[in-house]
Amino acid sequence: MSTQRPIYGLLAEFDAPEKILAAAELARDAGYKNMDAFTPFPMEELTDALGVKHSKLSLFVLCCGIAGGLTGFFLPYFASVYDYPLNIGGRPLNSWPHWIPIMFELTVLFAAIGAVVGMIFRNGLPRPVHPLFNVDRFELATRDKFFLCIEAIDPKFDRTETEKFLRGLNPSHCTVVDDVEK
Amino acid sequence: MDEKQPLDIATIRQRLSGSNGQQYWRSLEQVAETEEFREFLHREFPREASVWEDGVSRRSFMKIMGASLSLAGLSACVKAPDEKIIPYVKQPEIMVPGRPLSFATAFTLGGYATGILATSNMGRPTKIEGNPDHPYSLGSTDAITQASLLTLYDPDRSQVVLNKGSISTWGKFLDAIQLPLEIQRSLKGSGLRILTETITSPTLGAQLKALLEMFPQAKWHQYEPVNLDEVREGSMMAFGENVQTHYHFDMADVVLSLDADFLGTGAAHVRHSRDFASRRRVEGRSALMNRLYVAESTPSITGGMADHRMRAKASHVESIARAVAAGLGIAGINAPSITDKQAKWVSAVVRDLQKHKGASIVVAGDGQPAVVHAIVHAINHALENNGETVTYTDSPEVSSVNQSESLQSLVKDMQSGSVDMLIMLGNNPVYDAPADLKFEEALSKVKLNVRLGLYEDETSAKCTWHIPESHYLEAWSDARAFDGTTTIMQPLIAPLYNTKSAHELLDELTGKSGRKGYEVITEYWKNQKLSLPFDEFWRTTLNNGVVADTVLPTKSVALQAATDAWKPSTTSDQGMELILRPDPNVWDGRFANNGWLQELPKPTTKLTWDNAAHISPATAEKLGVHNEDVVELKCDGSMVEAPVWISPGHPDDSMTLHLGYGRTHAGRVGSGVGVNAYLLRSSGSGCARQGLEVRKTGKQYTLACTQDHFSMEGREIVRQSTVETFLADPTFAQKLEHNPTPDQSLYPQHEYDGYAWGMTIDLNSCTGCSACVVACQSENNIPIVGKEQVHRGREMQWIRIDRYFEGSLDEPEMHTQPVTCMHCENAPCEVVCPVAATTHDSEGLNVMTYNRCVGTRYCANNCPYKVRRFNFLQFSDVETETYKMMRNPDVTVRNRGVMEKCTYCVQRISHARIDAKTEGRSIRDGEVTTACQSACPSQAITFGDINDEKSKVAKLKSDPRNYGLLAELNTKPRTSYLAKLKNPNPEIEHLEVG
Amino acid sequence: MSEHHHIAGVDAPLPLVAHGETYGSITENITATVIEKKTPKGVKITLTVTTVLLIVFIVAVWKLFSTGVGIWGNNNPVGWAFDITNFVWWIGIGHAGTLISAVLLLLHQHWRNAINRFAEAMTLFAVACAGMFPILHLGRPWLAYWLGPYPNTMSMWPNFRSPLVWDLFAISTYLTVSFMFWFVGLIPDLASMRDRAKKKWQKVIYGILAMGWRGSAHHWHRYELAYLLLGGLATPLVVSVHSVVSFDFAASVIPGWHATIFPPYFVAGAIYSGFAMVLSLVIPVRKMYHMEAYITDRHLDYMAKVMLATGLIVLYGYMTELFFAYYSGSEYEGFMMWNRITGPYWWSYAALILCNGVIPQFLWFKKVRSSTLILFLISIVVNVGMWLERFVIIVTSLHRDFLPASWGMFHPTVWDWATYAGTLGLFGCLMFLFLRVMPMISMFEIKHLLPWKGRRIGTSADAE
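Residue numbers (numbering that gives the first Met the number 0), protein chains in the order written: chain A, 0 to 181; chain B, 0 to 993; chain C, 0 to 463.
Worth flagging that the hints you see were computed from the coordinates, not collected in a lab. Errors might be hidden in some of the hints.
DEER-style ranges, computed between Cβ atoms [what the hints assert, rightly or not]:
no.	chain 1	residue 1	chain 2	residue 2	range
1	C	Val203	A	Gly167	51 to 59 Å
2	B	Asn626	C	Pro150	54 to 62 Å
3	B	Pro747	C	Gln108	45 to 53 Å
Cβ coordinates follow ideal geometry from the N, Cα and C atoms, glycine included.
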């Protein structure tokens, strides 16, 4: 491996959840910021270890929900009071009690779409190409292996120092991740 | 035509040249009239045939169509008659496109005329209304008259001259009869016979007279299976002469009907219904309400209207008549042996009759033997009713004969071979002559027989020559009503096919060649003594639909003393009795191919598409049969199989079978429907035969009944009380509301400040005759669906006449209730429609937007009255050209998948609104009449603007009897009902209780 | 918390995951059914049968569209019959999935992890079947889109007062949310499939669907949150959908329809039938694919218990209907109930009580719950029972309402049956195709259940 090639970061592989948890905590104590862990299932324990920021997703979903509710009211209102008023079964034009089910459904619909779409885009997905996919063993991240990656953009990152540090955590493997996106 | 014939192009070309562009023929096959084509037609018009068939056969039909030269375009150009016809005076005389005209003419049944106004849209007759100026219509009609329009456009109507079943022409026919006529001239016509139906037409009478002068030894016979022979003989017995008896029900306080269905059948029943209803209409003046006693066999709508109905075998009615007569102390008539209950009933009736001398009517059924009629004449005399409620005139018939005897003598001559030439005008004796006469066999002995008929029916098939007859809306003629009132019948349209009228045929026989019916009629009337110059006479007469001063003068009659003939007939009434009656819908069978009538639920049984053996519940138990079990009926020798239908109120040990079914050559609609009752008929015997043998066959036959459940389940649907309770508590009807209507609503109510249309239906005058149903069907282009679909519960009529029974199973009380769309102000149907296809308009009509309807059927589910009708399949026949001409252009023809229902005849409201606008006024009360309302003989239906408190409907809605059906659901129905009242005789009530 | 001990495998006779399973083995076994293993014989047979039924369905629909709803037995007064019965039945079945995914998620019922993927898929397909009937039952199905609110040249809008329009909103929302739930749950497993796939084209397809999922801790964080939010949103949705469906009836005036009990009673019924259908499918499938290690007897036991509970609620609903009929004093209500029990359709009501009320009571016995065969049979019985319930509600209420003169009878035609059987075929096909191409069990959630030392009690690990 030559040094002039731009690299994305350094990737250490562990074979048990408790190991990566310990490793992540040590890395944090060592002062690393831009790092990420890759696990086959969610490990809430890692969030504070890696200093994951709390997501604003909930707020976004709330707004979507409110928008949905308002649509659910004003769509029927506009249609049956302004745009095309009809005497239907002697009921008043603005028979709002009839619109509650619609308001409810649209609230849920908008909020749910907000949650999913929000999550996917804030996660920067879809992203078919990523430097990590260059690492052959990385496909095990969705099976039974646990990876810790310290990214090159970390201020404290140093090609040799960081590698030494990672090997110090005795991972089963440790590889350099080339940055081929450029 | 049994096996397929190759198409003969020459024949076709010839036939087409024969037609003057009026033929709506669709393909070579049709013109050639091949069996194959009939087959295809049969599959092509499933909606008009008795069984729905699907598109698979339709595809094969399309192949044929592709190869055929279809002249669909012709339907557009309608040919008006060449002669000038005069529109009804109350209409503008110029033809404004889109504005219908009406023309006064007359419909005849059994020879007697009912005056009608036929509506013509751009030259196409599209609707039939009653003629207010005609005494036997007074603006109303019955179901049969309404439906006669469909016959005009029936694609099965005979369209070509047939010679031994193969296509020929009028010209060829005339050539063919020249020689035989010459021979007859030389023989003074001894071998010439003419068979007609009952004739009241003065012109036709004159023509026949002329013919008989030309052929002195020729004979003219009259026969109709449903005739007035017994009535005639009865009057001979009573008065020694044949007189026409007129009953004035509007002047009678007490009426006793002895097996007479005077409200449902007979030449005068429309008038009778009107007069009778005028004495049932209660607006506080209950003293005017009459009382009706009915002693009858077959349950009829008259029996349904009775204050007291007693069931009796048809053969026992005579003893009841005698008992009444004896009770009144009429000389020469001894009290017969009747049951104790009957005796009590009769004596009560007699007392009541005596209390109302000169203001009562006793009437006997047409089917009852002559002696009963004689006795009834005697009774009316004893009650001093003659000259008051009962009057007499000469018969308006040209020559009144005993038709059964007339036919018998004809058949005798035919059998003996002394008949060389038989000319039949309209009758269908091969089908409807009594079986024992063997008419068909006799017919084969006649060398040359000519038949003029609307259809190629059973008789045509056996005749040398068949001449297609013009429908009454296509031909000039004249006819007299029950009281002699004469109408000159004018055609609304030139014959659709190359058809001839009886006048034109007879004219040829008398040697005058090539004259049109118009010339024949005008010639006759020119020769009459007229008060006016002919042209003026002609105009005014055609205008009004009646010839002035043609009513027969009343004559005084002298009652003869009772002779031996009056003695009780010694017929043993052991075993079962068979009653043969004309069918309320298809009559004697002549309307068998009329889909509207076939699908019209019969007033008392609600059966469609079939006749059945009606028996009482007790008799059914005795025979161990249930509805739809097929039984074998034997009456000395002759035998038929018929499905059983149990009719509550029918007398025990007696069975009613209606005539007019079991046709073999009726057409696609009527052939093979029901059983032929004529096979059990014998000449001489009246409507009732004794010694009927009934045997279970174990077979089953499905009958399509539109109402399976006849109990009201104790719900307050039809509300009824007696006159006394009504006087004591006029608002009893509203009080019957279970949970009173909530008067306040969660929502603010819509205001209707313009017109607010509403309807009331008076259950006290409604007889359930069903005229309104057909009127609605005709006005609103309602399709028929066929027996199988009716059986599935998919009939489309917008008005349903609900029939309920109350009381004992054997002697129930019958209620009828017409149910239309209620046009609820808080309509449950509208709220649930997802696409707003049914909404309220500014005048409170519950309107359907057919184009918008997607067919969820949610509205129908949510309608508490179940008055919505859904097009489950493509029911409307949109292919047949003639049906296109028949349709009301103001009403959309609905297709598959769309919901429909009563619209309060919104198209009529729009017409009135336009008129009012152009004249700068508001719509007058009574200006809008719905189709059902205008047809109703008893004027039970009232329609109008309920916002105008001076309107008739508003007044009726404030009547104490007024109540809303299911009003507790807070639907606020715009249609409301006036509760039914009975005027019972306390004496009889007690004995019924006891 | 007791769950935790079971997970730890301490004295747990019925573990949620069989002993000896590792992260690797879970991925191996579950993905193998799709990637390596041959389709089991049972599945092949089932697929053929369902495909035949699918063809029946296509024929029936062709006939329906070309001829009209008249091919069915519907009439006046019975405007709705099999069509809406099937609709409600399928919608009901479609409730188990989201209930398991959402409600059990919020209730920390970890055992759901083994069956939620499967149940969600079932939900989707059931709702798809259900969604077709509102279109099929129309007189003019080609105009079904008129129910939707969209600006058009007619300048017409749907009638927002109509429960059918509420249905449109409820069902489309439910379908969308269920689909998102299912798909979001699939993303990490799709990534596993991508990484396990042998063939290039498999890698490509799964790769596209996985959208480049890497299992990043940051992603997991948002993912979990979104999943929780979806659960929170879907929970009231499950309750609402069948309530709205029940409004079709409750909002009308017809005796037997117009009842306040309907919404809760319908929801309970829906869950009841949903779990019954999950059992009817899971039991054979886990056998065919040998998934006993993940879908353990304990799962079946729990589902049986849920069925018993909801079944009792439904039974209570029937009781309440009887009570209403008696206590309301309304002659129409009273007659309606009497007619259900003694009228011409008495057999359907009797069968309904037997299937939904009596037979499920056997589930009180542990022996019954632990015998997969009996459990399977009972689940079938309940499916039948729930179909009958809808038939009874719809047909017996309509055929005799207010005016006796308008009463009628409904007789199903061969096309009624064909359409119904056809949707079963469609459902089966979709279900087994899903099993063929997607991991039938949520791998990452199963992995989540595996204990590892150092996992701290009381962290969100449990609370999740």
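So, going through the hints one by one against the coordinates:
no.: 1; hint: Val203/C / Gly167/A: 51 to 59 Å; verdict: violated (39 Å)
no.: 2; hint: Asn626/B / Pro150/C: 54 to 62 Å; verdict: holds (56 Å)
no.: 3; hint: Pro747/B / Gln108/C: 45 to 53 Å; verdict: holds (49 Å)
Hint violations for this structure: number 1 only, all remaining hints satisfied.
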